[in-house]
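Construct the entire structure; sequences and hints are all you get.
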Amino acid sequence: MSTVSDYRKREESITMSTESAGMGETHELLTLNFGPHHPATHGVLRLLVTLEGEILRDVKPIIGYVHTGIEKTAEDKSYWKVIPVVERMDYLSYYFNAMAYCGAVETLLGIEVPPRAQYLRVIHLELNRIMSHLVWLGTSALDLGAMSMFWYCFRERETILDLFEMSSGQRMHTRYFQIGGVIEDIPAGFAKKLQAFLDEMPSRADQYADLLEKNEILLSRLRDTCIVDQETLLGLGVTGPLLRAAGNPWDLRKAAPYSSYDHFDFKVPVGSVGDNYDRFRVRHAELYESVKIIQQALNGLPEGPHIVDDRKVALPPRHELATSMEALIHHFKLVTEGFRVPEGECYYAIEAPRGELGCFVRADGSAKPARVHMRDPSFINLQATAPMVKDAYIADFIATLAMVDPVLGGVDR
Amino acid sequence: MPDQSGLEAIAEELRGADPASVLGTTHANGRAEIQIEPSANTAVLERLRDRGYSFLASLHGVDYYPHEPRLGVVYELLDMTEVDRISVKARVSTESPQIASVVSMWPGADFPEREVYDMFGVEFTGHPDLRRILMPEDYEGFPQRRDFPVGGEPVLFTYNERDGYGADR
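Top to bottom, those sequences are chains A and B.
Counting in this note's numbering, the first sequence runs from 1 upward without gaps.
Counting in this note's numbering, the second sequence runs from 1001 upward without gaps.
There may be inaccurate statements among the hints.
[As the list claims (entries may be wrong)] Cβ pair distances, simulated, as ranges: (1) A:Phe154 with B:Gly1024: 50 to 60 Å; (2) A:Asp229 with B:Ala1043: 23 to 33 Å; (3) B:Glu1046 with A:Glu216: 47 to 57 Å; (4) B:Glu1008 with A:Ile394: 53 to 63 Å; (5) B:Ser1039 with A:Lys292: 48 to 58 Å; (6) B:Asp1050 with A:Val268: 20 to 30 Å; (7) A:Lys254 with B:Asp1003: 21 to 31 Å.
Simulated from the structure, these hints should not be mistaken for laboratory data.
These numbers were taken from a predicted model, which means no experiment stands behind them.
C-beta: ideal position from N, C-alpha, C; glycine also.
The structure is reproduced here in structure tokens:
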């Protein structure tokens, strides 16, 4: 398989034949490339589609165009320096990537994260979920011809990015989550600005629903299209809103709560049919639930430290460096070598906007992880595209791809 | 995650069906793991699936260099009714990195197995379409192996474009 001629031979495993259709002399199957550069693929995704007229008979995703070897890069960095690189995997849910990774390392270290840090994490995770769903909603609506939705969604997204900037200094890839907690407490004025957003968001979500749900074109394009039952989805490993749209209420925030999610009262939206409309409704309903969670976390935000008080893991506060020699040594050791993690393996799974995001970390006792693997929901869920769109119209295929919501940074890592 | 005794009970049950299938168990860091003989992977996974661990949450590879056998294939199983996780690990050597594919049991194992093949060179026998998935099809080597260097990849510019991948096409 290493030579080019072998490569050519393998390429022939993709069926391009027109024979199996048995359509006589006037009809034939058309196999063509969809992407990798196509606005409806939401990234650099290439799909090899086999068409019979306007009906899709087969689809093969071909991925790897934005593979950057992040998992390999992570093996060459000390534990806390891995956070910025894993955040860049699924570039729409960076807090989740950081959470899964930090959770895995914290489990290996046996660290208990302070309650305030857990609540701050929940606030940022849920803001990120809203942000990710807004990007999905805006671009999906754009695919279906609803141009203005895009601008409305990105207006609210902007408010969230401003909040991220306020708490961490960056709008994307914030590196806010650290092993043992969060890098800084929220600044003065953050709570007020967040409250203003929380007051506004539900009415904005209502507006989205008014714009889309009363739109005959959108409804007829989403309703009863590309239905897949939950048994098939479970076999394919699909989780998240796609599985919930098919009627399975699996949500790790409820099933196996992490980071104090069991303190909050929220519902898990579930679909009944499993069509594109349900996939749309489930994600839309999650916007309200996330707002509810953030509101509860903000109201009940406990007092206390925002990061664990273990100087061997977390950086000492800046002011201590001027007065304490020990703090200076700790700071120096952490920044140069990092901390060592005892030998072991951990798989830490959380509920990301697209499903189960699991991080597998193997520690070999050194200051660098021996293996970091992300089970990215986009990568797994992409396999469900083929069963969803088989024998559907190509227009429904565009809608389905939008509803699957793959983020190619997460698919290719 | 089953507790220590629960894990032992599961391992005993698997040993009862095939004494050579289970090599050991580990219970640490909130993770219950069964190490198995690679040739018994489908039988063990089938038994665990029928026991309730019916969802394959993740399948990934690990390189244990310098320990032998070097390559590990890890199956993270999930029981959605009991909300319970169990990990199954099979170790294969780099000389004969073969293990049976589980795509027939979980169609969702298709992409992950291709990724493990791509990154570690583990060959999944019975996989319907075992090709590279993330790296270019004509790529040489298995980049996630621990002895594969970081940074050895030449960047293609105009002056060296003829030396790069696919230049002879």
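> Out of the numbered hints, which ones does the structure contradict?
Replying inline: Nothing - there is no hint that the structure violates, so all of them hold.
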